[in-house]
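What follows is the residue order along each chain.
Number of protein chains: 6
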Amino acid sequence: MRVLVVNPNTTASMTAKIGEAARAASSAGTEIIAVNPDMGPASIEGYYDEALSLPGLLKEIAKGEAGRADGAVIACFDDTGLDAARALANMPVVGICEAALAAAGMIATRISVVTTLSRSVVPIEALVRRYGFAERAYVHAADIPVLSLEDPKSDASSILRAAIAAALKADKSDAVVLGCAGMADLARDLSAEFGVPVVDGVSAGVRMVEALVGLGLKTSKSGAYATPLGKIYTGALAGFAPDAIIRG
Amino acid sequence: MRVLVVNPNTTASMTAKIGEAARAASSAGTEIIAVNPDMGPASIEGYYDEALSLPGLLKEIAKGEAGRADGAVIACFDDTGLDAARALANMPVVGICEAALAAAGMIATRISVVTTLSRSVVPIEALVRRYGFAERAYVHAADIPVLSLEDPKSDASSILRAAIAAALKADKSDAVVLGCAGMADLARDLSAEFGVPVVDGVSAGVRMVEALVGLGLKTSKSGAYATPLGKIYTGALAGFAPDAIIRG
Amino acid sequence: MRVLVVNPNTTASMTAKIGEAARAASSAGTEIIAVNPDMGPASIEGYYDEALSLPGLLKEIAKGEAGRADGAVIACFDDTGLDAARALANMPVVGICEAALAAAGMIATRISVVTTLSRSVVPIEALVRRYGFAERAYVHAADIPVLSLEDPKSDASSILRAAIAAALKADKSDAVVLGCAGMADLARDLSAEFGVPVVDGVSAGVRMVEALVGLGLKTSKSGAYATPLGKIYTGALAGFAPDAIIRG
Amino acid sequence: MRVLVVNPNTTASMTAKIGEAARAASSAGTEIIAVNPDMGPASIEGYYDEALSLPGLLKEIAKGEAGRADGAVIACFDDTGLDAARALANMPVVGICEAALAAAGMIATRISVVTTLSRSVVPIEALVRRYGFAERAYVHAADIPVLSLEDPKSDASSILRAAIAAALKADKSDAVVLGCAGMADLARDLSAEFGVPVVDGVSAGVRMVEALVGLGLKTSKSGAYATPLGKIYTGALAGFAPDAIIRG
Amino acid sequence: MRVLVVNPNTTASMTAKIGEAARAASSAGTEIIAVNPDMGPASIEGYYDEALSLPGLLKEIAKGEAGRADGAVIACFDDTGLDAARALANMPVVGICEAALAAAGMIATRISVVTTLSRSVVPIEALVRRYGFAERAYVHAADIPVLSLEDPKSDASSILRAAIAAALKADKSDAVVLGCAGMADLARDLSAEFGVPVVDGVSAGVRMVEALVGLGLKTSKSGAYATPLGKIYTGALAGFAPDAIIRG
Amino acid sequence: MRVLVVNPNTTASMTAKIGEAARAASSAGTEIIAVNPDMGPASIEGYYDEALSLPGLLKEIAKGEAGRADGAVIACFDDTGLDAARALANMPVVGICEAALAAAGMIATRISVVTTLSRSVVPIEALVRRYGFAERAYVHAADIPVLSLEDPKSDASSILRAAIAAALKADKSDAVVLGCAGMADLARDLSAEFGVPVVDGVSAGVRMVEALVGLGLKTSKSGAYATPLGKIYTGALAGFAPDAIIRG
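Chains as they are written, first to last, in the numbering used here: chain G, 246 to 493; chain B, 246 to 493; chain F, 246 to 493; chain Z, 246 to 493; chain S, 246 to 493; chain X, 246 to 493.
If you're looking for bench data, these hints aren't it; they were derived computationally from the structure. Possibly wrong hints are sitting among the right ones.
In silico DMTMM-like cross-links for lysine to aspartate or glutamate, where the CA-CA straight-line distance does not exceed 25 Å [stated by the list, open to error]: (1) K398(G) <-> E265(G); (2) K414(B) <-> D430(B); (3) K476(F) <-> D315(Z); (4) K417(S) <-> D388(F); (5) K417(X) <-> D434(X); (6) K414(F) <-> E380(S); (7) K476(G) <-> D488(G); (8) K417(X) <-> D416(Z); (9) K398(S) <-> D434(S); (10) K466(F) <-> D416(B); (11) K463(Z) <-> D416(S); (12) K417(F) <-> D416(G); (13) K414(X) <-> E380(Z); (14) K466(S) <-> E438(Z).
All of these numbers come straight from a predicted model, not from anything done at the bench.
Could you put the whole structure together from the sequences, leaning on the hints where they help?
Next up, the structure:
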């Protein structure tokens with residue numbers, strides 16, 4: 246099975262770390278293809294970055310499916326472009342916020358989500374509601390920039406730990422979800438440290454895609470995820486016309 | 246007062262019609278600047294088109310604000326890119342679905358929304374929930390392509406009328422919201438025909454922006470709509486780095 | 246355009262202040278008619294006062310419409326009698342809680358509402374739910390009597406400021422709504438002081454009515470706001486029989 | 246135990262029928278005091294009538310409590326003035342919509358509410374949400390005037406039966422709630438006819454008040470139902486100043 | 246009237262205390278039959294105990310109905326087995342969480358529920374949502390074992406008092422519900438101490454069942470509470486086959 | 246990996262079919278252990294059967310974990326005993342309704358659930374709300390007994406097909422979930438027939454458990470799923486005391 250993992254920002258070191266986490270989490274027999282777009286923002290911190298990451302992200306989805314990926318993970322905790330990717334692809338596509346909540350929801354009752362920047366809290370709360378976790382998942386920000394997690398000299402890790410401790414207490418929760426793809430390598434240690442399950446979305450995303458592919462399920466094409474209608478695209482995005490992009 | 250009205254698709258004839266409706270709805274003293282992007286899809290029908298319309302739409306928002314617009318309307322009923330536009334701009338930005346529901350909600354109790362394609366029902370229902378109308382607005386599709394509304398020889402108008410009649414009966418509603426910017430010219434006639442208020446989002450959007458500007462309100466910059474953080478953007482979207490685009 | 250602004254309590258000094266705020270917020274060409282009933286309570290603090298303000302309030306609505314008002318604002322943050330006023334009138338009628346939330350919701354993501362008495366928190370929370378803001382507006386009381394805002398010697402203003410500061414922090418909100426018509430004159434200063442949009446309902450109500458009138462919208466008469474049925478009214482309220490009151 | 250039953254409209258024949266139903270439903274040892282206001286509308290059909298019934302209704306609540314009633318039922322299915330009555334009284338006060346839903350909810354899973362006029366559907370749906378039955382109670386109108394139920398020559402009863410049959414089928418419900426105090430005498434026959442529990446609000450209201458009084462519970466005075474603050478009331482409602490009305 | 250009160254755990258001293266509270270709360274003319282199963286756990290603290298209490302509890306329901314009980318109360322605040330008991334019985338069956346919330350909801354606006362163990366908070370929150378109190382009831386744990394309430398030497402009572410004081414302040418609530426059948430004897434004193442209504446579920450359950458029986462209501466048999474279908478039961482539970490258990 | 250699949254009813258032929266479906270859906274390297282209790286009902290049709298299946302089901306969970314299962318699926322669409330099983334076990338435990346909805350929710354937008362008996366609709370709707378699918382999953386009954394699916398001579402299959410066709414049309418859905426473990430063998434054919442994804446819960450449950458085990462996640466023991474407290478169990482269920490059952 247080939248699972249495409251798209252980091253929607255353009256920072257290759259983060260893609261490498263995400264790919265490593267994805268591989269570590271994958272089943273024997275799963276090939277992980279970790280990519281990032283060649284256009285768009287270096288990190289996704291808020292609505293504007295999210296919007297601008299979409300063309301590059303969708304191009305990677307199209308390329309991946311043309312390259313015979315069986316399913317895809319979108320490795321940004323905002324689940325950036327998830328609906329558009331599903332409309333574009335036939336393979337299943339899963340967001341890491343969605344996957345982490347689904348997994349955490351099967352082993353715990355109340356969930357603390359800890360993300361990076363406070364400006365991401367509102368968009369993630371919207372996802373929490375969308376995925377049906379409004380009554381039992383609570384979102385907190387550690388107030389650390391996304392790329393500080395890449396920097397071993399920053400104190401991002403200790404700030405994150407303090408935020409997790411505070412969230413567990415305030416939420417009376419029994420599981421933690423890490424709210425950023427850049428935290429993918431920390432889950433196991435944090436779980437040991439805090440004595441509760443700690444779920445990383447990248448890992449959960451890979452396993453959820455494996456599950457869907459294993460079930461023979463593909464994205465439904467009879468509703469809102471119907472294949473995009475052929476039409477003219479112009480300007481810098483002319484190459485993104487559905488016919489063109491689906492052909493690869 | 247200068248109100249920017251962005252049609253996020255690239256079809257100039259539709260921009261012209263939207264501009265005309267916006268002008269007809271605006272107060273004396275309001276200048277309407279109706280534009281469309283030079284990149285992206287010719288119409289927005291579903292999630293994929295919506296995603297690809299964003300860079301062009303956001304460029305128009307940035308250009309408009311640099312050109313001293315006081316507020317902006319996003320003239321697509323999916324309220325495409327609304328959050329990203331608010332993060333980018335200081336001026337108030339309003340979506341036409343949002344504006345139409347807000348207006349209809351102040352004069353009626355139950356609202357039938359009638360849009361074009363069935364694939365748009367699910368995204369519009371998500372907006373209905375987001376704006377707090379889940380308990381009283383119901384979304385229906387007439388199953389007509391967006392651009393058929395531009396074609397006087399199509400039977401789009403009569404199909405739309407039948408869909409409105411059916412929705413009013415099924416929903417026991419007392420107002421109609423037209424679920425596509427391309428229907429902006431039909432509201433008055435339909436209201437007379439059906440004997441209930443019929444709200445067009447473009448008109449409502451213009452008046453809501455006028456209201457916000459009149460109140461001296463600007464988009465809040467202290468939460469999720471904080472100004473995008475400066476960072477590297479690469480590839481075809483290099484020019485969209487926040488610093489660059491905000492400078493204009 | 247003539248906009249009726251009804252202060253539903255009988256305190257003329259508060260009506261004057263509300264009228265002034267309404268005029269300051271209105272568009273050029275809008276005439277503000279600020280009135281209060283000649284019967285009922287001197288201030289509205291809780292459910293009982295609210296109920297007893299209704300006959301006087303509704304008489305003012307009827308008189309205003311007979312006097313060719315184009316729309317009306319009910320200037321009490323409980324949105325006292327809003328549904329009854331809409332059933333009575335053909336013109337649009339807007340509540341100041343409703344208008345303030347609608348405006349704040351278009352420029353911010355999370356909203357702190359700060360009202361006067363703690364007994365008003367529960368009724369305002371019910372409005373917050375009704376208008377669809379349950380997931381993003383939070384209600385607080387400053388614990389000051391309504392009419393203390395009229396008294397320059399009281400420390401109402403400093404108590405209110407402290408309550409706003411506490412609410413912004415606790416709610417992680419990015420806008421404030423002032424939860425009492427008597428605070429209409431404070432919005433601009435508070436916005437400057439706290440660095441976030443501060444919305445006054447009287448101002449927002451005037452602009453929302455202007456928008457609805459500008460759109461040519463009237464209250465729908467085909468549903469729950471249908472014109473009251475003619476019937477016998479007796480006792481001290483005999484004069485309020487629908488036929489009589491609508492005739493003016 | 247003395248239970249006050251207030252019919253908030255002024256139609257004495259309806260009060261008599263309600264009183265009879267209340268007596269039939271009451272426990273041995275309960276005295277039913279059925280009254281109606283001497284001011285206000287002859288029937289309550291929609292928001293305007295509801296608003297105008299409040300002063301008379303509240304006067305009856307105050308008189309009843311001064312006359313040593315132990316609890317009160319408001320016998321209109323809109324639960325007219327319930328919150329204001331609770332703020333005014335120390336005794337428990339129950340609405341018949343509230344009581345009927347509470348009772349039906351303990352013996353059935355899905356509930357069809359059948360009321361009189363279609364204009365009452367939206368206000369009753371708001372009560373259904375308020376009382377927590379949004380997921381399992383459905384409101385229908387038989388489209389019969391309230392007072393037609395008093396007229397033995399009308400075909401109101403057969404229209405009501407048809408509406409109940411249709412509602413049970415459409416809702417897949419297992420209980421019926423009669424949505425008008427004027428239907429109080431029909432519950433037993435309809436239950437036999439349709440083979441499901443049929444709940445009348447007047448009866449349920451009496452029994453719920455008996456339960457609360459039996460439990461020694463009084464309306465809480467520490468929150469939104471706090472005793473109205475003393476203040477000046479003017480005009481035709483001067484006599485309704487809290488101090489005056491509570492003194493009786 | 247005969248009201249069966251089933252304590253679903255097997256601790257006879259707790260059954261005695263519950264029976265006493267039930268008798269104290271019942272109307273003249275009501276006979277209370279307080280029982281507990283002869284199989285299952287000594288106390289119900291969490292989901293596992295709850296599940297294992299069901300066969301014994303249901304046997305008591307069947308025996309009670311065969312013994313001509315008119316209605317039943319399930320005296321555990323988890324409302325253990327409520328739906329199964331309703332499916333089994335024709336008489337009305339009420340849970341004490343359900344009854345306490347219904348009663349509290351008619352005399353107050355915001356409710357603090359205080360239970361024993363923190364592991365019970367999540368299941369009780371699920372009940373709060375089920376009964377429609379999500380917007381106004383808040384659940385807290387005092388962190389005391391259920392049976393410590395039976396031990397006069399424990400400090401359970403003072404810990405409970407501290408938890409109530411903290412909950413009233415944090416929730417800004419105006420009533421308290423005691424979240425354990427073992428607290429049935431404390432309500433009156435706590436109400437005097439805290440100056441707000443304090444509702445005990447056992448008492449409320451008895452009065453609610455009396456109300457339903459007085460109304461002539463039985464559990465609906467046409468929906469999800471339909472009589473269990475006859476079928477083979479095997480092993481230690483062979484005697485629980487619906488035919489066998491309903492015959493008694 | 247060893248995955249325990251518990252059919253909570255006692256019908257061995259259904260266990261065999263479920264085991265076969267589980268094996269067909271499982272990954273290479275997964276061993277499926279399909280069991281059913283030796284006590285309880287032959288099929289689970291409604292709340293009463295569900296309650297009585299719990300002791301046997303929980304014994305199988307305990308035995309399975311003692312026998313080194315890595316995770317468990319509860320193979321009844323009511324997700325019978327899911328919370329109790331999670332409290333008992335350390336391994337992850339998944340319900341088939343939960344798993345099917347989670348999978349369907351990642352590949353489609355609106356979901357039709359088609360179950361057997363109409364009495365199961367209300368309990369399944371409660372699960373739909375619990376798992377966060379209230380806004381997009383709709384439950385229907387085909388009105389066929391559970392065990393008719395085991396009988397090749399019954400017309401259960403054609404009735405089911407008609408119910409699916411009707412549900413897809415009424416719900417405007419783009420995926421189907423089969424609402425009974427006994428339908429596990431039909432998913433692939435039905436998907437081909439109806440042209441939309443059709444999800445079987447048994448298969449989805451196996452793959453979800455594999456995913457959780459693969460992620461190294463275990464049921465959280467710090468909240469409502471904490472290990473049952475040791476205590477006395479009496480009568481026919483004495484052997485179910487937590488200490489005893491966990492020791493195996």
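Hints and how they fare:
1. K398(G) <-> E265(G): Measuring from Cα to Cα gives roughly 21 Å; hence the hint holds.
2. K414(B) <-> D430(B): holds (23 Å)
3. K476(F) <-> D315(Z): Answer violated: K476(F) to D315(Z) is near 33 Å, above 25 Å.
4. K417(S) <-> D388(F): holds (13 Å)
5. K417(X) <-> D434(X): Holds, because 21 Å separates the two Cα atoms, which is no more than 25 Å.
6. K414(F) <-> E380(S): holds (22 Å)
7. K476(G) <-> D488(G): With a Cα-Cα distance of about 8 Å, the restraint between K476(G) and D488(G) holds, given a limit of 25 Å.
8. K417(X) <-> D416(Z): holds (19 Å)
9. K398(S) <-> D434(S): holds (19 Å)
10. K466(F) <-> D416(B): holds (16 Å)
11. K463(Z) <-> D416(S): holds (20 Å)
12. K417(F) <-> D416(G): Holds, at about 16 Å.
13. K414(X) <-> E380(Z): holds (22 Å)
14. K466(S) <-> E438(Z): holds (15 Å)
Checked against the numbered hints above, the structure violates only hint 3.
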